[in-house]
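Protein chains in written order, with the working numbering: chain A, 1 to 114; chain B, 1 to 115.
Don't read these hints as lab results, they were simulated from the structure.
Backbone N, C-alpha and C fix where the C-beta goes; we use that ideal spot for every residue, glycine too.
Hints may be right or wrong, so weigh each one.
Here's a subset of chain A near chain B, in silico, CB distances under 8 angstroms, partners left out [claimed, not checked]:
| no. | residue |
| --- | --- |
| 1 | Y33 |
| 2 | L43 |
| 3 | F45 |
| 4 | Q48 |
| 5 | G52 |
| 6 | A56 |
| 7 | G84 |
| 8 | L88 |
| 9 | P97 |
| 10 | S98 |
| 11 | E102 |
| 12 | F105 |
| 13 | P107 |
| 14 | G108 |
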Amino acid sequence: DSGVTQTPKHLITATGQRVTLRCSPRSGDLSVYWYQQSLDQGLQFLIQYYNGEERAKGNILERFSAQQFPDLHSELNLSSLELGDSALYFCASSVTPSGEYEQYFGPGTRLTVT
Amino acid sequence: AQTVTQSQPEMSVQEAETVTLSCTYDTSESDYYLFWYKQPPSRQMILVIRQEAYKQQNATENRFSVNFQKAAKSFSLKISDSQLGDAAMYFCAYTTAEYGNKLVFGAGTILRVKS
Numbered sequence: 001d002s003g004v005t006q007t008p009k010h011l012i013t014a015t016g017q018r019v020t021l022r023c024s025p026r027s028g029d030l031s032v033y034w035y036q037q038s039l040d041q042g043l044q045f046l047i048q049y050y051n052g053e054e055r056a057k058g059n060i061l062e063r064f065s066a067q068q069f070p071d072l073h074s075e076l077n078l079s080s081l082e083l084g085d086s087a088l089y090f091c092a093s094s095v096t097p098s099g100e101y102e103q104y105f106g107p108g109t110r111l112t113v114t
Numbered sequence: 001a002q003t004v005t006q007s008q009p010e011m012s013v014q015e016a017e018t019v020t021l022s023c024t025y026d027t028s029e030s031d032y033y034l035f036w037y038k039q040p041p042s043r044q045m046i047l048v049i050r051q052e053a054y055k056q057q058n059a060t061e062n063r064f065s066v067n068f069q070k071a072a073k074s075f076s077l078k079i080s081d082s083q084l085g086d087a088a089m090y091f092c093a094y095t096t097a098e099y100g101n102k103l104v105f106g107a108g109t110i111l112r113v114k115s
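Using the sequences plus the hints, can you model the full thing?
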């Protein structure tokens with residue numbers, strides 16, 4: 001158990017819908033990262049927050065957005081869902097956004113868009 | 001842009017034998033970190049080992065060790081005395097402060113362990 005929690009574990013929804021994925025970082029970690037793992041794109045970085053502020057953006061679609069709240073939990077919002085958005089979405093956390101600190105991964109949320 | 005290449009889609013090893021997984025990366029940075037992550041069938045991402053670029057000594061963690069060749073931009077993982085529980089997908093990853101320390105992953109290598 002990494003100490004990072006993600007809910008829900010599984011999510012099945014239809015095209016065009018909107019979903020919210022939730023992540024609670026390890027106690028004391030200020031930085032949260034979101035990654036997408038799909039069959040065709042592999043593991044890709046989406047977005048990073050540090051202490052409530054957006055820090056870095058990767059290949060995140062405009063239909064996707066995220067935020068980190070004052071209690072440091074983070075939410076990833078996916079809207080106008082398409083079949084290609086089906087993937088495993090990981091949240092990871094670290095003490096600070098520095099490579100010297102390990103990123104601890106949550107168990108992931110498996111999203112299936114039908 | 002930083003890229004990480006794992007040229008072996010799949011590898012097999014006999015239980016108790018040694019196997020080496022390859023990884024190369026491309027970067028113009030001098031200060032960076034390299035990692036090997038294991039993803040078993042449960043899909044949980046587990047950190048196996050890490051290497052700081054400024055350290056010349058190769059990292060080791062029990063049966064896992066790396067061969068870090070900075071000039072060649074190569075970072076291979078050696079698993080000794082392979083066990084059935086080592087069967088998983090292994091990802092090589094890179095990060096640097098230049099890009100907020102996001103992890104850049106390779107495509108992964110599936111490791112099968114035969115009993």
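Hints, verified against the model:
Proximity of Y33 of chain A to chain B holds as hinted, the smallest CB-CB distance being about 6 angstroms (cut-off 8 angstroms). Interface restraint check for L43 of chain A: the shortest CB-CB distance to chain B comes to about 4 angstroms, inside 8 angstroms, so the restraint holds. The restraint placing F45 of chain A at the interface with chain B holds, with a minimum CB-CB distance near 4 angstroms, inside the 8 angstroms limit. A hinted interface residue such as Q48 of chain A counts as satisfied when its beta carbon comes closer than 8 angstroms to some beta carbon of chain B; here the least separation is about 5 angstroms, so the hint holds.
At its closest, the beta carbon of G52 of chain A sits 15 angstroms from a beta carbon of chain B; the interface hint therefore is violated under the 8 angstroms criterion. Of the supplied interface hints, the one on A56 of chain A holds, with its beta-carbon coming within about 3 angstroms of a beta-carbon of chain B, less than 8 angstroms. Nearest Cβ of chain B to the Cβ of G84 of chain A: about 18 angstroms, over the 8 angstroms cut. The hint is violated. Annotation: interface hint on L88 of chain A holds; nearest CB of chain B at approximately 6 angstroms, less than 8 angstroms.
Of the supplied interface hints, the one on P97 of chain A holds, with its beta-carbon coming within about 5 angstroms of a beta-carbon of chain B, less than 8 angstroms. Interface hint at S98 of chain A: satisfied, since its Cβ lies 6 angstroms from the closest Cβ of chain B, which is below the 8 angstroms cut-off. Taking 8 angstroms as the C-beta cut-off, the interface hint given for E102 of chain A holds, the closest approach to chain B being about 6 angstroms. For F105 of chain A, the interface hint holds, since its Cβ comes within 8 angstroms of a Cβ in chain B; the closest pair sits about 4 angstroms apart.
Residue-level restraint check for P107 of chain A holds (minimum Cβ-Cβ distance to chain B is 6 angstroms; threshold 8 angstroms). For G108 of chain A, the shortest C-beta to C-beta distance to chain B is roughly 6 angstroms, which falls under 8 angstroms, so the interface hint holds.
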